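S.K.: As a plain string of letters, each chain reads:
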Amino acid sequence: QQQVKQSPQSLIVQKGGISIINCAYENTAFDYFPWYQQFPGKGPALLIAIRPDVSEKKEGRFTISFNKSAKQFSLHIMDSQPGDSATYFCAASRGSSNTGKLIFGQGTTLQVKP
Amino acid sequence: SAVISQKPSRDICQRGTSLTIQCQVDSQVTMMFWYRQQPGQSLTLIATANQGSEATYESGFVIDKFPISRPNLTFSTLTVSNMSPEDSSIYLCSVKGGTQYFGPGTRLTVL
Chain A
126 QQQVKQSPQS LIVQKGGISI INCAYENTAF DYFPWYQQFP GKGPALLIAI
176 RPDVSEKKEG RFTISFNKSA KQFSLHIMDS QPGDSATYFC AASRGSSNTG
226 KLIFGQGTTL QVKP
Chain B
-3 SAVISQKPSR DICQRGTSLT IQCQVDSQVT MMFWYRQQPG QSLTLIATAN
47 QGSEATYESG FVIDKFPISR PNLTFSTLTV SNMSPEDSSI YLCSVKGGTQ
97 YFGPGTRLTV L
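Residue numbers (our numbering), protein chains in the order written: chain A, 126 to 239; chain B, -3 to 107.
Honestly, I wouldn't trust all of these hints.
The calculated label-pair distances, taken between Cβ atoms and stated as ranges, are [claimed, not checked]:
# : chain 1 : residue 1 : chain 2 : residue 2 : range
1 : B       : S1        : A       : N152      : 28 to 36 Å
2 : A       : K183      : B       : E82       : 37 to 45 Å
3 : A       : S194      : B       : L107      : 44 to 52 Å
By construction, these hints were calculated from the structure, which means they are not laboratory data.
For clarity, every value in this text was computed on a predicted model and none was experimentally measured.
Here a beta-carbon is modelled for each residue, glycine too, at the ideal position from N, C-alpha and C.
Whole structure, please, built from the sequences with the hints as guidance.
M.R.: Right, here's the structure in full:
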């Protein structure tokens, strides 16, 4: 019940295209869903996050779509750029407990071809 | 946002030895964590570093193998003890303020 399943494992997109990464969770107690971006040799950096009281959140070219009934959420990267090439992790936590314990998905390696 | 530094950034160690990793934050934070990222894998929480008390370990991680200190609100150390090649990973310090931030990581290779 603590798992977060992420797909695909890797993704290749042409410049200007849309990158879509999907995650599914089981624990209905999760109430905070962030996405992290990690470049080689760096720690993960928060990209965007959502709580289940909204179905979509957009920040620039990055959008999270959230489907509470299906227990799924996804990251959409519009107009993908070579600089977006990185590993993306979805995560989930029980924010109300304020423990900060993040459960991470397996990661998706995105390559944006020029 | 919090700025986190870790030392060392990378190390190559021999089997059976121990390595202590330091984490320094530029501001006082209540919650501090240690994660492990095995090669090509996701991040797994090792423990929560509690200031002034023993760390809280996740299932599969024990104090004898990963002793943690947290002497104040800006600093913590993680020791990887009696290392084996299976301990080769990136070890990441993380803090939670309004959001959760990660340090650059310590890349450990055990021969």
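S.K.: Run every hint past the structure and note whether it holds.
M.R.: So, going through the hints one by one against the coordinates:
1. Separated by about 33 Å at the C-beta atoms, S1(B) and N152(A) satisfy the suggested range of 28 to 36 Å.
2. Distance hint for K183(A) and E82(B): a CB-CB separation of about 42 Å, consistent with the stated range 37 to 45 Å.
3. Taken as a hint, the range 44 to 52 Å holds for the pair S194(A) and L107(B), whose Cβ atoms sit roughly 50 Å apart.
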